[in-house]
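Protein chains: 2
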Amino acid sequence: MQLPVTDDLPAYIIAPDPGAPRLTRKVEGVDHAGQPAEIAVVEERPLTIFLNGQEIVTAMTIGDYPEYLALGFLRNQGMLAADETVTGVDFDEDLETVVVRTDGQTNYEEKLKKKTRTSGCAVGTVFGDMMEGLEQVRLPDLKVKTSDLYRLASVINRTPSLYLEAGAIHGTVLCRGGEPLVYMEDVGRHNAVDKIAGWMFSEGVSADDKLLYTTGRLTSEMVIKTALMGIPALASRSGFTAWGVEIAREVGLTLVGRMRGKRFVCLAGEERLVRDVDPDSVPDEDKKHRRKSAGA
Amino acid sequence: MQLPVTDDLPAYIIAPDPGAPRLTRKVEGVDHAGQPAEIAVVEERPLTIFLNGQEIVTAMTIGDYPEYLALGFLRNQGMLAADETVTGVDFDEDLETVVVRTDGQTNYEEKLKKKTRTSGCAVGTVFGDMMEGLEQVRLPDLKVKTSDLYRLASVINRTPSLYLEAGAIHGTVLCRGGEPLVYMEDVGRHNAVDKIAGWMFSEGVSADDKLLYTTGRLTSEMVIKTALMGIPALASRSGFTAWGVEIAREVGLTLVGRMRGKRFVCLAGEERLVRDVDPDSVPDEDKKHRRKSAGA
Chain U
4 MQLPVTDDLP AYIIAPDPGA PRLTRKVEGV DHAGQPAEIA VVEERPLTIF LNGQEIVTAM
64 TIGDYPEYLA LGFLRNQGML AADETVTGVD FDEDLETVVV RTDGQTNYEE KLKKKTRTSG
124 CAVGTVFGDM MEGLEQVRLP DLKVKTSDLY RLASVINRTP SLYLEAGAIH GTVLCRGGEP
184 LVYMEDVGRH NAVDKIAGWM FSEGVSADDK LLYTTGRLTS EMVIKTALMG IPALASRSGF
244 TAWGVEIARE VGLTLVGRMR GKRFVCLAGE ERLVRDVDPD SVPDEDKKHR RKSAGA
Chain H
4 MQLPVTDDLP AYIIAPDPGA PRLTRKVEGV DHAGQPAEIA VVEERPLTIF LNGQEIVTAM
64 TIGDYPEYLA LGFLRNQGML AADETVTGVD FDEDLETVVV RTDGQTNYEE KLKKKTRTSG
124 CAVGTVFGDM MEGLEQVRLP DLKVKTSDLY RLASVINRTP SLYLEAGAIH GTVLCRGGEP
184 LVYMEDVGRH NAVDKIAGWM FSEGVSADDK LLYTTGRLTS EMVIKTALMG IPALASRSGF
244 TAWGVEIARE VGLTLVGRMR GKRFVCLAGE ERLVRDVDPD SVPDEDKKHR RKSAGA
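Going down the list, the sequences are from chains U and H. First residue of the first sequence: 4, per the working numbering; consecutive thereafter. First residue of the second sequence: 4, per the working numbering; consecutive thereafter.
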């Protein structure tokens, strides 16, 4: 089978908005030749997340979708149960705060105690919950077509994005089959994942038939987050860490990394891969759209 | 002036040790063609840092230089004063803990309260101290020769490293003039910086004549850390964030990014650059050693 070549980009439910004035800024500098250089750089601003009356954390974010970021963050930290009734999410742009209100009581104080600093972090804090519940995770047996993987990589790389506009940003895309659905970007790759989790929680979207594509590395934390979100497949242009691979194998997550052109490596859940395309039929990446991989 | 071409690498005080068995692991997988693929992936293991009797944080790290990581982390979080007397640093490999002992009292409890989630993090926590003390920072007026920048980029890219061996890792290098001195790598770029801070603290090394080279993005946090360490120049292959540039300009840090071959952009402290080499005399990067930039 030949890989279908499509020049038109799919209809994203949410796509990056590289033209949004709040997300990038033109900065004057000087280049290697001593010439004035004006380049677009991504914004980075604080957002303080409250759960009911409790201040939880201040995130550094590009600032789009603060409500999704707050909801997804609290969900991924186990501070908001899947069945929790959210009575309100109030974002105040001037105060740079977002308050998530629930009708139930939450046990965040306990969770604020334990801290785990995580890869790629100043002091990543997982509030002791990241590993919790992992043993209960049963991921659905989703088949992953290599034709879909190739299509996703090709489409996502060609999608206008803040990365292509200004760089220095991570992207994460929620996909179904060969179709990217929600493409979030942020200065922190975990913000991008959390914004997707917040969108899924808000819309009540099932994770069973989804694949997560990230520009970041496949660290233990990325794998844990994906598994706890119930998403059975995780793909990236970037590389792996040993513990990330171990956890993916334990929870039955299909883990595909180092995706470049026709190349990739699958280090977990290989039995779920459906090899329905000849890799040699896959065109190389357009250099202009070639995306670097985080830290690798 | 022509850029000197040196094929021999300089004598690092500390260089990466890609051959160290504890830092990487061979993992069996399957490649794009369905063929078995055994690749080297970096290890990622927890290290719990104690300050005297108090558990502070658990870091995910490749696991080399735990003592430097602990000391540098506590220094960079403002939990250990520059003049603090450290009476002992005890690493226990089995318990995966490192205990830093001081003779004075520390005010870490206060610092544990406030949290700031930072770029590239799950939940980066800055313990409320990152911005503190920034207004007192007076960075020395270090001249930065472009010939040194080019030499550093060239030498560092050709230095055998875990990145070249396994990828998915960040590197940070403490440099003086055109000489890289201490090259630390870690799964989290901030661990790499902290290991350098710990080494400087242990050895009583002055920051006045140093430049920090990082493979990571020039986010606000990276800039703040460098400034608080007293290092007057920060260079990277990667891109910028707007707030990172703002802070660099406020504290007088020379900020150089997007370094590729002869190209770079300087967005702060340009007046400190000494352009002593013709960019056109700079050879392009050897593709084999071309390093990707984190998230950009």
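Hints in this document: simulated from the structure, not taken from any laboratory. We put the CB at the ideal spot given by N, CA and C, even for glycine. Treat the hints with caution; some may be incorrect.
Residues from chain U shown here face chain H by an in silico Cβ test under 8 Å; the list is partial [what the hints assert, rightly or not]:
1. 12
2. 38
3. 42
4. 47
5. 81
6. 163
7. 167
Hints versus structure:
Taking 8 Å as the C-beta contact cut-off toward chain H, the hint placing residue 12 of chain U at the interface is violated, the least distance being around 22 Å. Interface hint at residue 38 of chain U: violated, since its Cβ lies 10 Å from the closest Cβ of chain H, which is beyond the 8 Å cut-off. Taking 8 Å as the C-beta contact cut-off toward chain H, the hint placing residue 42 of chain U at the interface holds, the least distance being around 6 Å. Of the supplied interface hints, the one on residue 47 of chain U holds, with its beta-carbon coming within about 4 Å of a beta-carbon of chain H, less than 8 Å.
Taking 8 Å as the C-beta cut-off, the interface hint given for residue 81 of chain U is violated, the closest approach to chain H being about 12 Å. At a threshold of 8 Å, the smallest CB-CB gap from residue 163 of chain U to chain H is about 16 Å, leaving the interface hint violated. For residue 167 of chain U, the suggested interface contact is broken, since its CB lies about 11 Å from the closest CB of chain H, more than 8 Å.
Violated hints, in rising order: 1, 2, 5, 6 and 7; the structure is consistent with all others.
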